[in-house]
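Construct all of the structure, not just a fragment, from the sequences and the given hints.
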Amino acid sequence: MRPRHRAAGILAVLGAGTLLLSAAVPSGAPALFNTPAGFDSAKTPDGQPIVQTSTEPPPGAVAPKTAIQELRTMGSLQLDSSGTVRSITAAPGESLGTNGDAFVKRYAGAFGLTKSHSLVRSQAVGLPGGDQVVRYQQTAGGIPVLGGEVVLTTTSNGSVRGAITDTTPLAPSGGAAKLDPAAAQSKALTAATATYEIDPATVSASSALWLYSAPGKAQLRPTYWVKLAEHQHEIASVLVDAIDGSIKLVASEHQAAKKRAVCDAANVPANLNSRLAYVCNEYSALGGHAATRLEGEPVSSSAEVNMTYDRLGVAYDYFKNNFGRDSYDGRGEQIRATVRACHISCPFHNAFWEGYQFVFGQGWATDDVVAHEYTHAVTEHASSLYYWHQSGAINEALSDIFGEFIDLSTSGDGTDDTAKRWQMGEDLPADLPNRPAGAIRNLMDPHQHGDPAYYREYPYWSETYDNWDNGGVHTNSGPANRMAALIADGSAADGITGIGLSKSAQLWYRIMHMLSSGANYEQLVVTAKAACRQLINKGMTVADCDTVTKATTKIFPNYQPSEDNLCDDSPSSNLGQRPFSVLFSDDMEQGGAKWNRSDSYFWQFIPNTQIDYTYAAHGRGSLNGWTAPGTGQRGHGTSAELADWVNIPSGPGLTPWVSFNYSAIQNGVPNGNLGVEAFINNGSGWAPLSLEGMGNRMSSSTGYWYKRANLSAYAGQSVKVKFQVVSPSNTLVDWYLDDFTIFNCQYARPGAPQDAFAYLDGTDLKITWATYLYNADPRNPQNHHFEFTYSPAIPGAPET
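Residues 132 to 931 in the numbering used here are what the sequence shown lists, from first letter to last.
Accuracy of the hints is not assured; some may be wrong.
[Unchecked claim] Keeping only pairs whose Cα atoms sit at most 25 Å apart, straight-line, the calculated PhoX-like set for lysine-lysine is:
(1) K725 / K838
(2) K669 / K551
(3) K196 / K309
(4) K451 / K236
(5) K451 / K390
(6) K838 / K853
(7) K196 / K246
(8) K551 / K725
(9) K358 / K389
(10) K451 / K669
(11) K236 / K196
(12) K669 / K634
[Claimed, not checked] Restraint ranges, calculated between C-beta atoms of paired labels, are given here:
(13) A233 / R203: 41 to 51 Å
(14) G257 / Q200: 30 to 40 Å
(15) A397 / D457: 29 to 39 Å
(16) R203 / G273: 32 to 42 Å
(17) T286 / G784: 51 to 61 Å
(18) R203 / K390: 48 to 58 Å
(19) P400 / S253: 37 to 47 Å
(20) T286 / N739: 19 to 29 Å
Keep in mind the hints are simulated off the structure, nothing from the lab. Idealized CB from N, CA, C, for every residue including glycine.
Dropping the structure here:
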């Protein structure tokens, strides 16, 4: 029997949610989790139900297919591979509806919800220009789903301009919880004190019940979210499984690197995990020191206090002048900071925001670091992005991005060396451990400091390995950082024209507010495009949005297209709705009837009765081919091939393709004589199938990658496809296949231009539009005639 958790390195992305809505649980009593109506279940190996989701939409919602048909007529739509709407943006000057509550109710089914889910309005935040961001929390059985949100952008009168969705169709497990809140809090406190230097006697705990999609589990697990606080200020969050009591996450709430209060800790060693060591206000011990400087007071005797005081003022002014934001919370909260803090020994090589104030080690209150930490506070109040795993990496990136925007926009401070553009922390002390003097990150070139430049590129930190740095938040911020630098400055080598700092700031401030609390990189890509489209005619142009799309393609090159853009050859448009027809598909959710396996031990459909984990690009199922290190026949040469022949029609303008998602985990040299090879057979025997951008061998992928191959050479024939494991030395290969599709694309003519709008420029009528919905065959260029209509009428202009 194979070990239940054999595959080392399986991606385990933790969903994250907000504190906007929680379900109270009576103290001292186990909670009962009833599987809501609309779900059917069977048992998993640990005795919990495997829950199959209903496809019936929530009450009041139209069927998903009908909803998508309606939404297509309203604006730019993006779906994931399961057919769930992830983004919808109205055309400039138009709306998706006049009421947000009615909009989410009608289209909830298209957003991935079933009749057992609900959406509860939880928060509304204003944006520059009068727009608002309104959040709706997903619940199941009355319990909020960690990271489950629909985020609307509305006008000042409530009309809906766009929606970003981050929901799950999964169901909660049934049965009674085995932990009560008190037991969960005790486990959380034990785990936190083992991880951080915390005195349990000074810590209080509170808990709320949530649902989250635990790694390796095929349902939403009831989970206690325990928040640990010292003197009423949060210091850590712990997720405790309410069924088996396991600890799923321990995360520090210290987010590392106009009414002001700045204190000087004078490099006295202290335990910075205790707030008493650094708290700065009018009533604290440090606040009473002579070096403390409060708003409006004369300069301090401490140069570092004065410098930090001034730089916090610069950050405040930037957000106030550009976005109308009064302090980090938008409501004029006092800005508190302590400088020259030391953790146990001196100097302290870091800075952090902890939910109440800022803390800086000696020399760390540089202009961009102060702005970085200030942005953490803004993000906490804007989108509550969780500070762990992918959402934490995006949180870190937002702070780097605005830290650099403020640094680059502040002239005359002596730190604007153009040779150091996009360098984070270039003015930091020269005695940093394990770092060269100065900068700690480079946004334009993350590789300069050992960070990844695109999603899941080495050294991207896998969430599976451990919770180091809250899941690698500082390392994994690299792709988003590079995306921001490319959007602002452009890159001639990448064919990207920059839009400048001013436009970039408005774009990223909107992105910050539109992201769901548990956002991942896929949602960042979707949100960036949607945010730009919302700003067209409000400072942005169609060309600017083309820049945004090109930049997202650079940092997320293996993004899995939805069914709607299988045929897309134009990364810059990302509209990709060229007509296509599916000839064969397998999402790996129905078992193995469509495949013949040479060895059913080394090729298995998972999860199954012996292997209970789930590792799929989408959904739950995947086909897993693997080898076992050792002597003898251990999987090398085994294969899986299509059971039936697939006919490939031929015709004018048709181009056939095969596409799939794969993930490869292996020991050995990447791209060496190791991996899985793809073959094709048209009745004349097996031949290598060359994939776009590579040969026919797939080695390490660092996560799921999307690949396709052109099958034009086989038009008019019938084919089979085969995947075969290659490991002559019986080195570990662990390979997964999902979302396998053979399809034909229609290249005969282009689709209509998108995002067209008309406006008066003085006395001239002008019409602008984005690129075609899909592109014509570039080998046969043709001129095409399109007519535009617009509403309302513009006096003196023709109607078409």
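Outcome of the hint check:
{"no.": "1", "hint": "K725 / K838", "verdict": "20 Å, holds"}
{"no.": "2", "hint": "K669 / K551", "verdict": "31 Å, violated"}
{"no.": "3", "hint": "K196 / K309", "verdict": "40 Å, violated"}
{"no.": "4", "hint": "K451 / K236", "verdict": "35 Å, violated"}
{"no.": "5", "hint": "K451 / K390", "verdict": "13 Å, holds"}
{"no.": "6", "hint": "K838 / K853", "verdict": "15 Å, holds"}
{"no.": "7", "hint": "K196 / K246", "verdict": "16 Å, holds"}
{"no.": "8", "hint": "K551 / K725", "verdict": "56 Å, violated"}
{"no.": "9", "hint": "K358 / K389", "verdict": "29 Å, violated"}
{"no.": "10", "hint": "K451 / K669", "verdict": "19 Å, holds"}
{"no.": "11", "hint": "K236 / K196", "verdict": "15 Å, holds"}
{"no.": "12", "hint": "K669 / K634", "verdict": "10 Å, holds"}
{"no.": "13", "hint": "A233 / R203: 41 to 51 Å", "verdict": "19 Å, violated"}
{"no.": "14", "hint": "G257 / Q200: 30 to 40 Å", "verdict": "33 Å, holds"}
{"no.": "15", "hint": "A397 / D457: 29 to 39 Å", "verdict": "32 Å, holds"}
{"no.": "16", "hint": "R203 / G273: 32 to 42 Å", "verdict": "33 Å, holds"}
{"no.": "17", "hint": "T286 / G784: 51 to 61 Å", "verdict": "42 Å, violated"}
{"no.": "18", "hint": "R203 / K390: 48 to 58 Å", "verdict": "49 Å, holds"}
{"no.": "19", "hint": "P400 / S253: 37 to 47 Å", "verdict": "42 Å, holds"}
{"no.": "20", "hint": "T286 / N739: 19 to 29 Å", "verdict": "50 Å, violated"}
Comparing the model with each numbered hint stated earlier shows that hints 2, 3, 4, 8, 9, 13, 17, 20 do not hold.
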